[in-house]
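2 protein chains.
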Amino acid sequence: MPDINKKLSQSAKSMKKSAIREILKLLKDPEMISFAGGLPSPESFPVSEIKEITSMILETQGAQALQYGTTEGDAALREMLLKRHWEQGLTVGQENLAISTGSQQALDILSRIFIDRGDCVICGLPSYLGGLSTFNVYGAQMEGIPFDEHGMRADELGKRLDKLHKENKNVKFIYVIPDFQNPAGITMPDSRREEILKIASKYDLLVLEDSPYRDIRFEGKEQKLMYDIDKEGRVITMFTFSKILAPGFRIAWLLANPEIIEKFLMAKQSADLCSPVIVQKIIAEYIKRGLLDKNLVNTISLYKSRRDHMLSCFEKYMPDGVKWTKPEGGLFLFLTLPEYMNADDLFDKAVEKNVAFVKGSVFYCNDCGKNTMRINFSYCNIETITKGVERLALVIKDSMKKDGHS
Amino acid sequence: MPDINKKLSQSAKSMKKSAIREILKLLKDPEMISFAGGLPSPESFPVSEIKEITSMILETQGAQALQYGTTEGDAALREMLLKRHWEQGLTVGQENLAISTGSQQALDILSRIFIDRGDCVICGLPSYLGGLSTFNVYGAQMEGIPFDEHGMRADELGKRLDKLHKENKNVKFIYVIPDFQNPAGITMPDSRREEILKIASKYDLLVLEDSPYRDIRFEGKEQKLMYDIDKEGRVITMFTFSKILAPGFRIAWLLANPEIIEKFLMAKQSADLCSPVIVQKIIAEYIKRGLLDKNLVNTISLYKSRRDHMLSCFEKYMPDGVKWTKPEGGLFLFLTLPEYMNADDLFDKAVEKNVAFVKGSVFYCNDCGKNTMRINFSYCNIETITKGVERLALVIKDSMKKDGHS
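Protein chains in written order, with my numbering: chain A, 36 to 441; chain B, 36 to 441.
There could be a bad hint or two in this list.
Pairs involving identical chains hold if they fit within one copy or between any two copies, as the list cannot separate such chains.
Using 35 Å as the maximum straight-line C-alpha spacing, the simulated DSBU-like pairs for lysine-lysine come out as follows [unchecked claim]: (1) 201 with 48; (2) 358 with 432; (3) 233 with 256; (4) 323 with 259; (5) 432 with 51; (6) 118 with 86; (7) 384 with 51; (8) 41 with 266; (9) 323 with 384; (10) 51 with 358; (11) 198 with 48; (12) 52 with 266; (13) 118 with 422; (14) 432 with 63; (15) 63 with 233; (16) 422 with 41; (17) 41 with 201; (18) 63 with 201; (19) 437 with 194; (20) 329 with 204; (21) 194 with 48; (22) 432 with 204; (23) 194 with 358; (24) 233 with 48; (25) 86 with 63.
Note that these hints are calculated values from the structure, not bench results.
This one's a predicted model, so the numbers in the text were calculated from it and none came from an experiment.
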């Protein structure tokens, strides 16, 4: 047998199993209530419309739907996306758009075209795990910036960049999730977006704006896309159909300046040639029929009711000293235990009691956040949310008692 | 505007546009006859069966088909694939199998887990361009081994490895396409496969066996999979549905020893989380109903008739001094012009006369093969093949005249 470990690349040696994927495997038990995944509710899937559209696509464009497609993506889908962005008031053209096989592929390919081993990447404390693990694969040195109630702190960002600049570090980009951040559930106000962009401009950095949840706003005023504020072509914005239509399609898209799109497409050619064609055609037709925005109304209303219910259960069941964010949209809220508590330790106890969350620490590139948890509110129904929060609150209270704090 | 070039990774700086993808763009002209792409014939797509199966899947498993899936792939599809391999007499289990988003992703992820910049990769002269460009993205130093009529020469491989070993080079794997090679159309006999494996064992190397065409055999005796010959767990074999069902699905799979599969899945998590779910479920059902092998019979008969016709047109129209391979299966044959001729120069003239091929030189990692062309015979119908070969032969004859060789 060949010794595989001896043959691995540096990148492979540093790879870890995804904490979230591993948790998802635990959850096959039907008794388990999971607030862990980032799964959309199946109730939000427009199954019968998709069925009808797919039949139509196969009847009228079967040969094209089953054939290889272009790397930049299906022409009809690209057209629908641009039209939708124009209606939103964005200034974008064909040269600014590329389709990707899920946003995760966009993160991967952007990392590939910008990161050399040892380059720095700026991220939030906390930040989306899938982003962190991809940057890690490419050997990035992660620089975590603390949050306040408005997201990534601009003052801390400025200080850190100044320090890194003096150390002659090669900083490539700032990774942000401005709307309903994963995992923190925080939305950056326009003013913070502008501050961060000003700093990016000062240090000549790119900004990766990850925007999977933007269309799922329950309340409050829509803030500007950083892509829209930026006048210098330094913001790359990633969107996806995974949270607003169906993750099983694995279709996402990004906007960026044409030079970046061109390199992105070269890199995508060697990554997967093209994204699945048939599903791109299904989505294009779905948007063309006006169904995307129509279905979003239902999804938003569904998720809002679940968030509302979860917040009220938290109020009702959680002991004193536990805090949580109140997201204006998206899929997640973030729970903070008293400093002395450790959510990593609580995890096994919670799973024993048939309730699961994601340990907040996995979202921190600096090994902090031990007293935090990410809680998903999109997947479980109202009844399950009640039961799950009750169980979770009990586990937390029990642990407080044992620690002699209650 | 940020200076994007200054921000690119080493990998991005070395990326080139895919020669084939660029050619495909030229071919939108309906007058153009293209032998360039590697496209399956749309006549081989079982559109109505796919339509019926998709409706059924959405009716019975809509919620699962549209949701995120597991990184290793849909359970039903995995089961069908294993069953099929067992029927073929292979010894494989769940732990040997992973689904990928097209074979190109498998090439990409395998490169990621094995190649550090400067590592050596062995390939054929010529070899599949998508492989070469992916290895290049990861900074591999390509070592090309000449071919004889049985594919990669074992004697030359041995000599090269001996040299590289003495130079203390880190050689990671040998990349081979044993059945109906792309682009050469050559099939390695069992004896050559065994010789190459013996050498791989001697130098403790992995073997990447790329096997997209194996199921498309027109005639001759099936040779053993290198995966099947190997008793040491050093062969990784890649298969795909792109050539036997529908490339628009972007679904492929690979077999390897469990340690490699485990690393592969970790790397795939950060590359795209999972492959598109709905199409995996469609394919699983398609195989379950026995349609894959049934449809293959038609595809094989279709491609065989096209190959036969192309060979007879070559006999009829090509001037003396032009040679070509006679593949026992697959999608491609390889044409060799007299040494003094340059197929790169002929390309523009051919496109002017509305016929296209792929310059053979793009398949050579050592800049050779200037007098070769890759010709696809799966895509065009009989009538178009006749016209295209006539045009191509005329361009070649014209060029011979100008060179004073005729």
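* To do: Could you place residue 432 and residue 51 in one of the four classes (within, between, both, neither) given a Cα distance threshold of 35 Å?
  => Classified as within; 32 Å inside a copy, 59 Å across copies.
* Asked: Should residue 437 paired with residue 194 be assigned to within, between, both, or neither, using CA atoms and 35 Å as the limit?
  -> neither (41 Å within a copy, 69 Å between copies)
* Asked: Given identical chains, is residue 41 near residue 201, meaning Cα to Cα at most 35 Å, within a copy, between copies, both, or neither?
  -> between (37 Å within a copy, 19 Å between copies)
* Asked: Is it within a copy, between copies, both, or neither that the alpha carbon of residue 233 lies no farther than 35 Å from that of residue 256?
  -> Cα proximity of residue 233 and residue 256: one copy only (22 Å, versus 67 Å across).
* residue 194 and residue 358: within-copy, between-copy, both or neither at 35 Å Cα -> Within one copy only: 28 Å inside, 68 Å across.
* Measure nothing new, just compare the shortest in-copy and cross-copy C-alpha distances for residue 432 and residue 63 to 35 Å and report within, between, both or neither. => within (26 Å within a copy, 67 Å between copies)
* Asked: Which holds for residue 201 with residue 48 at a C-alpha limit of 35 Å: within a copy, between copies, both or neither?
  -> both (31 Å within a copy, 26 Å between copies)
* To do: Using 35 Å as the alpha carbon limit, work out where residue 358 and residue 432 are close: within a copy, between copies, both or neither.
  => within (14 Å within a copy, 81 Å between copies)
* To do: Please work out whether the CA atoms of residue 233 and residue 48 approach to 35 Å or closer within one copy, between two copies, in both situations, or in neither?
  => between (37 Å within a copy, 28 Å between copies)
* Between residue 52 and residue 266, at a C-alpha cutoff of 35 Å, which is it: within one copy, between copies, both, or neither? -> between (39 Å within a copy, 28 Å between copies)
* Asked: Using 35 Å as the alpha-carbon threshold, which applies to residue 86 and residue 63: within, between, both, or neither?
  -> both (27 Å within a copy, 31 Å between copies)
* To do: Can you give me the call for residue 198 and residue 48, within, between, both or neither, at a CA distance of at most 35 Å?
  => Both, since 30 Å and 28 Å are each at most 35 Å.
In this structure, the earlier hints numbered 9, 13, 15, 16, 18, 19, 20 and 22 are contradicted, and the remaining ones agree with it.
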